[in-house]
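There are 2 protein chains.
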Amino acid sequence: MEEIASIDAYWRAANYLSVGQIYLLDNPLLREPLRPEHIKPRLLGHWGTVPGINFCFAHLNRIIRRRDQDMIYICGPGHGGPAVVAHSWLEGTYTERYPHITQDAKGMRLLFRQFSFPGGVPSHAAPETPGSIHEGGELGYSLAHAYGAAFDNPGLVVACIIGDGEAETGPLAASWHSNKFLTPGRDGVVLPILHLNGYKIANPTVLARIPEPELVKLLEGYGYRVHIVAGDDPAELHPLMARTLDEVFAEIDEYTAGRERRLPMIVLRTPKGWTGPREVDGVPVEGTWRSHQVPLAQVRTSPEHLRMLEEWMRSYRPEELFDAEGRPTPLVLGEVPEGERRMSANPHANGGELLVPLVLPDFRDYAVPVKEPAVTCSEPTRVLGSYLRDVIAANPRNFRLMGPDETASNRLSAVFEATDKAWDAAVLGTDEHLSREGRVMEVLSEHLCQGWLEGYLLTGRHGLFNCYEAFIHIVDAMFNQHAKWLESAKKIPWRRPVASLNYLLTSHVWRQDHNGFSHQDPGFLDVVVNKKADVVRVYLPPDTNTLLSVADHCLRSRDYVNVIVVGKQPVLDLMSMDEAIAHCTRGAGILRWASTDEGAEPDVVLACAGDVPTMETLAAAALLRAHLPELRVRVVNVVDLMCLQPPSEHPHGLSDHEFDALFTTDKPIIFNFHGYPWLIHRLTYRRNGHDNLHVRGYKEEGTTTTPFDMAMMNDIDRFHLVMDVIDRVPGLRTTASHLRQAMVDARLRARAYTRDHGEDPPEIRDWTWPYD
Amino acid sequence: MEEIASIDAYWRAANYLSVGQIYLLDNPLLREPLRPEHIKPRLLGHWGTVPGINFCFAHLNRIIRRRDQDMIYICGPGHGGPAVVAHSWLEGTYTERYPHITQDAKGMRLLFRQFSFPGGVPSHAAPETPGSIHEGGELGYSLAHAYGAAFDNPGLVVACIIGDGEAETGPLAASWHSNKFLTPGRDGVVLPILHLNGYKIANPTVLARIPEPELVKLLEGYGYRVHIVAGDDPAELHPLMARTLDEVFAEIDEYTAGRERRLPMIVLRTPKGWTGPREVDGVPVEGTWRSHQVPLAQVRTSPEHLRMLEEWMRSYRPEELFDAEGRPTPLVLGEVPEGERRMSANPHANGGELLVPLVLPDFRDYAVPVKEPAVTCSEPTRVLGSYLRDVIAANPRNFRLMGPDETASNRLSAVFEATDKAWDAAVLGTDEHLSREGRVMEVLSEHLCQGWLEGYLLTGRHGLFNCYEAFIHIVDAMFNQHAKWLESAKKIPWRRPVASLNYLLTSHVWRQDHNGFSHQDPGFLDVVVNKKADVVRVYLPPDTNTLLSVADHCLRSRDYVNVIVVGKQPVLDLMSMDEAIAHCTRGAGILRWASTDEGAEPDVVLACAGDVPTMETLAAAALLRAHLPELRVRVVNVVDLMCLQPPSEHPHGLSDHEFDALFTTDKPIIFNFHGYPWLIHRLTYRRNGHDNLHVRGYKEEGTTTTPFDMAMMNDIDRFHLVMDVIDRVPGLRTTASHLRQAMVDARLRARAYTRDHGEDPPEIRDWTWPYD
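Listed in order, the protein sequences are those of chains C and Z.
Residue numbers are given in numbering that gives the first Met the number 0: position 733 of the first sequence equals residue 732, and the series is strictly consecutive.
Residue numbers are given in numbering that gives the first Met the number 0: position 630 of the second sequence equals residue 629, and the series is strictly consecutive.
In case anyone wonders, no lab produced these hints; they're calculated from the structure.
Because the structure is a prediction, the values reported are computed rather than measured.
Certain hints may be false.
Because identical chains cannot be distinguished in the list, a pair is counted as satisfied if it fits within a single copy or across any two copies.
Calculated cross-link-like contacts (lysine to aspartate or glutamate; reagent style EDC-like; alpha-carbon spacing at most 20 Å) [as the list claims (entries may be wrong)]:
1. Lys490 x Glu699
2. Lys666 x Asp690
3. Lys489 x Glu700
4. Lys490 x Glu1
5. Lys698 x Glu211
6. Lys531 x Asp714
7. Lys370 x Glu278
8. Lys489 x Glu337
Please put together the full structure from these sequences, using the hints given.
Structure below.
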């Protein structure tokens, strides 16, 4: 009973502190009667979800102490900001992280004041919140984050509070099935707490309004053992929750020991805005959507609202909770864990503290031999697969490869020599590479791949997400939120750097041979470069060795989002490993062997980024060499897209001097690009040569057709590039009109051949440097 | 029994035709022994899911005939292309839509040849497929599309085949709960058929491998009555499926009559690649992931594979299925419905055929009076809410408003005077505006809002999706796919135009007063303009009357995606309704009252797009008028973003002459933009004045702060714009240095005030034209 008294005191204290954050500018301990000037001028924040979250924290703390349990939380309800901040302040962590917010009346005043205040903290969990790895912005990802945090963390319990609003989202609905990818013993455990307070912003929630037997079936159908804690009387709920958690953790022990297949979970059904004003201005508030945000909205102007607020806050009996100096009393702190056992101070929630660099094999060992450029072919992702196989083997506890059922399709199958695909559901005799120990995570949900990986990275581990290029747009919004997390976290001194989020986008726009138009979209790059330059990197390796060099670089990096785009089909080998390393280090460079400017000023620059556009550019250069030998052509390949931006915009940006040395300031540049052409304009519009820049790229023309036909539909093909050169180099339209017509004819012939034979002409399919 | 024989024959015919599409160039009826030259050079396509889909079609046809049932299908399995095409050809629709593909041997040969062949049809359902409204590209949206199609279509059954791969996605997982938003009697019915063939591309599927009792609980938990049809012997499965469908439709009648709360659904568990090669090269294929794509891969080079293919195809006994001319025999067609009852010819699946234009109230009637520009304020979305209220009232059966629980928050609440929110789960006494008859669809899932709306529009109805701007990125990929559908559908003569997909993005980047950084992202526009110019439109109305004009225009339009971005906070009223109409018609125009160039050539152009940037631009113009009265300033507002592009790139593009007349060719242009600044560069880089263009916009700076502080953080504020003018108009840096310093000071003062008071200075908050 003493235990319960302490839990209740903690809960009341957290609720008090939450209300204070929403309302008070001053008089934090109510040592004097509340006056309008103590109230914030703009009341912003969310109360509804807070008491339930605080209730969970209070009880989880008891379990942590009792079991010396390693535990972190994920707080799904977006607007639980006051709760997570209150929790962290009560545990003392807030003051450790932000020493000016002392754990006393003075600090409490600042704590209240900063909340939803200009320059302060937002009304949801954010990187600034100690103990949180989960942004309370866009909803849907809490449970995936929780599982990601639990992978490879045996002994850790990740308590995941899921709001019933969030539970309506697709990503959350899919995340329940993550239990089929969790391995007892190797991984930690996730404890989902579905918090049904009945309402989202302005509507009831689906899961709160279906018959309870249906809800239980649903959750049992997801594979969980369901415990229900429901009510509105704290005197009943406290012992019930304590008892339930004891049962739940006993079941977790059974699960971990392999004696029980299912994880337990809790359904917590308590009123929205629990313990807040029951009725305001004649309408019910507690237990309805009206308590979602600020239950009493006119506190500064309405004496009645002011009175109700004071009554509300005093109902928590602050005099029992805080001593004369405003410090939490021993009663409040009775069940609070110590040191790193405090959820707000657990190092898993500041994953950089636990980050161990990957043991990386020497990527040079996987190089394909390149004696002459552009003569032999190899499959970049297949070679990368061998490298990743050894990365996995060398890092058996802190690296995972994610993919939506595409790892083999993306030709990374060599990884299955070192590991399997994680799978905790039934296995049949005909299955291959499925096991509980697998380190490849395949599920047909880009949301889960991304969410798991984010959770895994933010708790201090490493990984790579391989995906079809077009469908990575599914996680645009998740990428945005993670990039913003990184942008913010970088400014917070106590947040330690974490491993970068690495995307390998393959099966790209130019090679959707039978999938056609709906599978063609290179626009993720446009989304990525909208984020701050200090967190995003984009690489377009043109061949196998450059891919290896880029991959190694990305796996070593910290706090970035790295996007690597490369095809899975065979490409020409362009560079030896030494050349590849030098090229990737510079970010862009002249392919001298393909150029005819011999170090002098060229007549035209053929620039390229991306494997297929590079091959077409090289073929165009070869055609020009054969047919216009006098023309001085420079071929420039760009592997690090960010180097095109001015250094003032991106740290990888070439200086203007370097840029001009590559691209000239006054010669026509025909830039053949993997993605939508305007991205190149956007990156270069401040460059000297921009007015001479003509970009080819994907212009949203596509269908079910062959690779070269796709190139022709979008005018990125070798023949059209030669036409572009003729059109843009002064004088050539006259002197090379014959060649131009030959190119037009070549396109028509290629197209006719394709229509007749269902494949590209062999001289194009099998082309290698040079044209004879 | 005769019935079953006919169903089986149909199934065998559809399977035969599906295999033929994947493999054959010639010899479609196997009238001669199969030879390598009959085989396609590249084997592309997917067999695994096909026999199950064909099985469903065969049996659904029987029910349609028996009940004279109005029914369409949604085929979720992405790569069921051969099946849906075969179905349509057998029903005769393919030949009606594509007369050269005759329903005989000659047409069958062409049908086979075109599949996954250059210039042919893709290996998944696409706009080209008669009877389909669902792109088989990116997976996850079948069930949401099905519900969207069923809304307001009483009497219609939408059979939705869901692959077990797709079922792992988040959007699909959330879509099951759509049954809580369906109203018996008013709406049609969805019949989900979860097709468990056990595998996705290379892995087993979660739902196929959990214990069956768990699966049943899950689906019952989603609120369905579950019927299981499982096995691999057609002789058993045919009668079982027929019996099950009879039961299911009896239950549907109960549901429709309101006597049963739950919809029925079917779990169809059959082998992947059913009836295909059992074993190839010594490994099992039928019933495993190896049958996902092309079970026999070496048919052209391996005589053994060739023999197996012939054996496989002959196992369907084509001689029973097609007559001497290659026409389907009466046995095959015995259960095929007629006319518009054929699912491939049902007009609901070519919604434009059924499209009834909206009855629209005169938007002018909702105008706010504007006697003087920029002096009074109104709330654009609140006024729009009144207009939408009357749109809903006037169109009680074919217009819906979708939103992820934000309709009230977005201040469209007036619509609740005309309708409620659709809700078929429990209702409590404290609830407001919930009913089965509601026409506002609120669920905390942008995926569901988008999927429902797509299904609703593609079956010939109208709607609007209101959403927070940042979180619309959740549906980037869905937008992409829908835009591509429209791009393709426009080229198909028999596809009739459908109503546009209208987005109202509010709660935008500049007004996230307490939500902060994670809620700030105007980048959806960048995603949108990547799509073809003939399907996308972007509007940024600066005030209430322009919003009304734009909304009316969008609701009348066809085959577009219209994006309207406008805040929900009060903005200055700039234009009378007549002025607003003229302005919106032009797309961009000079605000003469705010300009000081008096029709002459200005010294500087202040351009703006978006409500908040426009207000800051006007304030800057007022400051310049007050402090630099000699300076000739022109203020240009852009409401239709696409008019910035050259007319060669977008049909709304201003001619160069018009553009130059607005923006000049040689004067500095300070463009204050709502979104990421480079979008303006991208749209204008071919314009004459581009080199003089300086764009301000969101540069990814944000936190929890006041509106004006947000503007200052990103340099779009009035004071900074004045500084920009001084920096860019020749001579002003010297002559107006005092004013420039005053602006710097004003920014510092504003910031300090905000930090102290928690809100913007009153002279900024309440500013109206002009500055005195």
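Here is what the structure says about each hint:
1. When the C-alpha separation of Lys490 and Glu699 is checked against a cutoff of 20 Å, the pair qualifies only between copies, where the shortest distance is 14 Å, while the shortest distance within a copy is 39 Å.
2. With identical chains, the CA atoms of Lys666 and Asp690 are at most 20 Å apart both within one copy (10 Å) and between copies (18 Å).
3. For the homomeric pair Lys489 and Glu700, the shortest alpha-carbon distance between copies (14 Å) is at most 20 Å, but the shortest distance inside one copy (40 Å) is not.
4. For the homomeric pair Lys490 and Glu1, neither the shortest alpha-carbon distance inside one copy (42 Å) nor that between copies (75 Å) is at most 20 Å.
5. In this assembly of identical chains, the alpha carbons of Lys698 and Glu211 never lie at most 20 Å apart, being 52 Å within a copy and 48 Å across copies at closest.
6. Only between protomers do Lys531 and Asp714 lie at most 20 Å apart by alpha-carbon distance; the minimum there is 16 Å, versus 32 Å within a single protomer.
7. Proximity of Lys370 to Glu278 under the C-alpha cut-off of 20 Å is found in neither arrangement, the shortest distances being 81 Å within a copy and 43 Å between copies.
8. Taking the shortest Cα distances, Lys489 and Glu337 never come within 20 Å of each other, neither inside one copy (27 Å) nor across copies (65 Å).
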